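Novice: As a plain string of letters, each chain reads:
Number of protein chains: 2
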Amino acid sequence: MILAPGATIGILGSGQLGRMLAMAALKLGLRCHIYAPEPEAPAYDAASARTVASFDDEAALARFAESVDVITYEFENVPIACVEFLARLRPVRPDARALAVSQDRLAEKTFLRGLGLATAPFRPVDAAAALGPALAEIGRLAVLKTRRLGYDGKGQAMIREGSDLEALHRKLGGGPMIVEGFVAFDCEASVIAARSLEGAMVAFDLCENEHDRHILARTHVPARVAPEIETAAKTLAAKALEALDYVGVLAIELFVARDGAGAERLVVNEIAPRVHNSGHWTIEGAQTSQFEQHIRAIAGWPLGATARRGRVEMVNLIGEQADEWRDILAQPEQSLHLYGKLEARPGRKMGHVTRVFPEGPRNV
Amino acid sequence: MILAPGATIGILGSGQLGRMLAMAALKLGLRCHIYAPEPEAPAYDAASARTVASFDDEAALARFAESVDVITYEFENVPIACVEFLARLRPVRPDARALAVSQDRLAEKTFLRGLGLATAPFRPVDAAAALGPALAEIGRLAVLKTRRLGYDGKGQAMIREGSDLEALHRKLGGGPMIVEGFVAFDCEASVIAARSLEGAMVAFDLCENEHDRHILARTHVPARVAPEIETAAKTLAAKALEALDYVGVLAIELFVARDGAGAERLVVNEIAPRVHNSGHWTIEGAQTSQFEQHIRAIAGWPLGATARRGRVEMVNLIGEQADEWRDILAQPEQSLHLYGKLEARPGRKMGHVTRVFPEGPRNV
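Chains as they are written, first to last, in the numbering used here: chain A, 1 to 364; chain B, 1 to 364.
The hints are simulated quantities; they were obtained by calculation from the structure and are not laboratory data. As the structure is a computational prediction, the values presented were derived from the model and not from experiment.
Derived DEER-like restraints, expressed as beta-carbon distance ranges:
{"no.": "1", "chain 1": "B", "residue 1": "L149", "chain 2": "A", "residue 2": "E40", "range": "39 to 45 Å"}
{"no.": "2", "chain 1": "B", "residue 1": "V52", "chain 2": "A", "residue 2": "P37", "range": "26 to 32 Å"}
{"no.": "3", "chain 1": "A", "residue 1": "P358", "chain 2": "B", "residue 2": "P346", "range": "38 to 44 Å"}
{"no.": "4", "chain 1": "A", "residue 1": "A307", "chain 2": "B", "residue 2": "T235", "range": "35 to 41 Å"}
Covered stretches of chain A, going by a simulated chain B footprint (3 or more residues, C-beta under 8 Å):
{"no.": "5", "region": "17 to 31"}
{"no.": "6", "region": "321 to 335"}
Here are some chain B residues pointing at chain A (derived, C-beta under 7 Å):
{"no.": "7", "residue": "P5"}
{"no.": "8", "residue": "M23"}
{"no.": "9", "residue": "K27"}
{"no.": "10", "residue": "L28"}
{"no.": "11", "residue": "P302"}
{"no.": "12", "residue": "A330"}
{"no.": "13", "residue": "G340"}
{"no.": "14", "residue": "L342"}
Note that beta-carbon positions come from the ideal geometry of N, C-alpha and C, so glycine has one too.
Put together the whole structure using the sequences plus the hints.
Specialist: Next up, the structure:
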């Protein structure tokens, strides 16, 4: 199924990623129909149609599917049953398998290890009693995480010497969890890559990410890593894309750590089957944005060039940081993006700011 | 009246310029409400609200005004009465005077001459009988134009030796006209400039334009003119913006001609009180796009930087040229824009393509 201009893309989810996907679709002469349970949300304003309904409302889902040509999602916690239901009516890209792998930290880590990729050591924790033996194997400095529904540091807790394991397990809800050995990393990075319907693959340059209280604060590109590490990141992204027979943009979060000899090595943290906050710099900073790249891929169109336009820095506006919008607008070298959220709650991503710096004649 | 993020901009007109204005508003966390008589049109898909009604429907206009915070327009043939009606309810930027001056070729030329700017020699032609005496004064190689509603070469006719003047006058509808001496130009150019609510002014670099059958075919920047001509263009734009106490983006179409000594000189052809086709290159090619610049200005916000990102070329996709969309997408250095028009009629602007080339270290 290859879309023609004028076709409609259905997007599950109504946040800022959906908003920016819909804007990229508009640039290419396509329409979007947003499906989400929220009555007010950032993506609706950029779409030509909306369905406000829950992800298990099969009648609403069926009507939605009939009104669109292809379906995608802008967050990875869409219920698998919803995507499986829709996939019987219209192509869903990326498909349910990519979603399933990324929704469950155990499935994700198992998938990554199956590809021969390095991850933190991990053990499943089905009950609190399993935690002690797991820690005995992977070491006491570790992170306990719920298998599902974690994001921006939610659903996880650090385990140190002397931590009350039962209390931590209870605090995270007592459900299925995973415990991961703590990775002492030099920096965090991410690679945003795409695969077309025909199987072509491209990756944007490696992004270096700084987090503040588990929320992405700042991304800069190029990442300050050895060239072979950048190449390795793109290679492992291609491996994951191929293994999932993936169509669309995939983000892979990485730790840049050191091996025994002190050389840099990559440890995969997690994958997101969607456009990603650490790829926002591509709007101004790359020949094709991650949003347009995703739209091209799921439309069955050729992927765009990922050439970078300079050295790029992206800073998130979290909560009341967005109150500085007027000062930011007055800085000539800054490009302001606001997501249309009217209430600036703490920890809420309200917008971002991008700066592109010249990098010298060879990298223009 | 300064807008806050989340505010709503009302746009009169529903074409591709409105669509791209609405996309720029989305980037900045603003909403758009489109008002136009067409039931289907490019701008609606990018807006959070639409009113489909005629420009003389005062009840619909009043409801529209009440639902928005500021009003602008994306084409210059909005009836003055409509804008005057709306201006009693909400700020309209740019205001009715800018619209009036640009709607009537006689008022426009008179305004430009009043600023001391060079235009083609011109005479009003109220009836066919006035044409002969006017030509005796300005010369026989001339262009007869309707005073109103001309665009893309519509409403004008070339007068040569031996032309049947009465027949030409009749063919253009017999209404109020203007006859202009033909300007033998080296090239056509345009300057896109903006003025903020506080009176700050900036201009994008001069664009050089090539037309095909009176429709813009190709724009490239920088224009191949002497540096003092580029400066003169920006200076005359500032003069016009000041004189009109203008708020928003203004486009001025220019001829680059030769004076008696063979030096380049500028002759103003016409002004458009809006974003302009020859400014589409700014989306990829400048720090701030003309669309964001207009939104910033009418929102009462600081203007953005106009720094150019390289040598830029923009090619319009007219009619069935847009059928080449897939080949264009496959060219990595080309950025494709489609306007969501489903029917490719001859002469219809369906989209455009931009390419940015490196220009060397000084102009990064």
